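Can you build the whole structure from these sequences, using the hints too?
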Amino acid sequence: MKGFSQKFKDFPDYIIKITKEIWEDRGVGTLHDYYHPDIVVRSPMGIQRGNAAVMASTMATINEFPDRELFGDDVIWSDDPEYGLLSSHRLITRATHTRDGQFGAATGKPWTIRVIADCAAKENTIYDEWLIRDYGGMVRQMGMDPRQFTQNMIDIEGGPQVAPRPFTPDQDIDGGYNSKGNDNVWGRRYADTLQQIMDLDFHCIPKDYDRAVLCEYAGGKTVLSHDSVTEFWLGLRSSFPDATFKIHHQIGMDGDMLPPRASIRWSLDGTHSGWGTFGKPTGAPVHVMGMCHAEYGPFVNADGPQDASIRRECALYDEIAIWKQILMHQ
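In our numbering, the protein residues as written are 181 to 510.
Read the hints as simulated data drawn from the structure, not as lab findings. All values reported here derive from a predicted model rather than from experimental measurement. Warning: the hint list may mix true and false statements.
Keeping only pairs whose Cα atoms sit at most 20 Å apart, straight-line, the calculated EDC-like set for lysine to aspartate or glutamate is [stated by the list, open to error]: (1) 200 <-> 213; (2) 197 <-> 303; (3) 200 <-> 253; (4) 289 <-> 303; (5) 426 <-> 303; (6) 426 <-> 487; (7) 426 <-> 381; (8) 197 <-> 262; (9) 200 <-> 262; (10) 426 <-> 449; (11) 182 <-> 193; (12) 197 <-> 436; (13) 426 <-> 325; (14) 387 <-> 407; (15) 360 <-> 372; (16) 182 <-> 213; (17) 187 <-> 205; (18) 426 <-> 363; (19) 187 <-> 204; (20) 401 <-> 253; (21) 302 <-> 201; (22) 460 <-> 253.
Laid out in structure tokens, this is it:
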């Protein structure tokens, strides 16, 4: 890797090792080495600019969850001659809510959630980032209802007129990475599946997904097979029936001793105008930031493609950020 330290054998190794060094090994100061001073970090809850903001939020997280561990589950990545490398890093992270902090008074309860982080890197430095943590799954495991937790958050922040807004496209800042990913067949195939789902063609699910598909979904859900896949995607889509779906980045790859796989970063923009995962319609304008990973395998359905189907899927959005947009509108 041109410009990267020789202590890393490849790009996935770089991503996994610096993640552990910074957040788990308490090397917060190494953010000066690995993160650009003006990095832009977007999450569904908001946008940060600059390494100082990243360091402050990192210390707050370590303080509240001192035993937090981050396990690299996969790194799906692409290379662009102009913009450098982009990693879509899927993690399993676990911790105990040991101290008071952003998530309220310490509950002493353990949690395990999924995270996906898209990081753009050049010359040994992360310079642009998109990040989704499954906060809905986290608060549930700490014994709280996501909607009520979000309402309490808004109240603590001073009410809907002054509470910080979740991320919406009008807040975005150009962090320098403007590639759309790569043109690998697995990325195209997964993008086509998601587009069909968002176009309400849910019949594609038994065609494109293996009957034994195992999925990790927002809300801390681990589910199996076609009915569960349909329930997840239909529940989201029916909450925002007029929303526009857009794919912002897609990667397909095979190799690295792993199955063919794909990563998609996407969004939905519309109004909370239907019954679904987010309950009674309110008419609130909502932006959903989403990230998904899929793995393909050789087993197929009789009515599906004859070469492969989705065997694993991880699909994340932040329920808390969505509830915050809904509740602040009310």
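Each hint, compared with the structure:
1. 200 <-> 213: With Cα atoms ~14 Å apart, residue 200 and residue 213 stay inside 20 Å; holds.
2. 197 <-> 303: 16 Å, holds
3. 200 <-> 253: Distance of about 13 Å is within 20 Å: holds.
4. 289 <-> 303: It is violated: about 40 Å lies between the C-alpha atoms, which goes past 20 Å.
5. 426 <-> 303: 30 Å, violated
6. 426 <-> 487: Roughly 27 Å between the alpha carbons, so the hint for residue 426 and residue 487 is violated.
7. 426 <-> 381: 16 Å, holds
8. 197 <-> 262: The hint is violated at about 25 Å.
9. 200 <-> 262: This hinted pair is violated, its Cα atoms lying about 28 Å apart.
10. 426 <-> 449: With Cα atoms ~9 Å apart, residue 426 and residue 449 stay inside 20 Å; holds.
11. 182 <-> 193: Roughly 15 Å separates the two Cα atoms, so the pair holds.
12. 197 <-> 436: Holds: residue 197 and residue 436 sit about 17 Å apart, inside 20 Å.
13. 426 <-> 325: Given pair residue 426, residue 325 is violated - Cα atoms ~29 Å apart, limit 20 Å.
14. 387 <-> 407: With a Cα-Cα distance of about 13 Å, the restraint between residue 387 and residue 407 holds, given a limit of 20 Å.
15. 360 <-> 372: Distance ~15 Å between residue 360 and residue 372 Cα, so the pair holds.
16. 182 <-> 213: The hint holds at about 16 Å.
17. 187 <-> 205: 17 Å, holds
18. 426 <-> 363: 17 Å, holds
19. 187 <-> 204: Holds. Residue 187 to residue 204 sits at ~19 Å (cutoff 20 Å).
20. 401 <-> 253: 17 Å, holds
21. 302 <-> 201: Holds: residue 302 and residue 201 sit about 19 Å apart, inside 20 Å.
22. 460 <-> 253: 36 Å, violated
In summary, the structure is inconsistent with hints 4, 5, 6, 8, 9, 13, 22 from the numbered list given earlier, while agreeing with the others.
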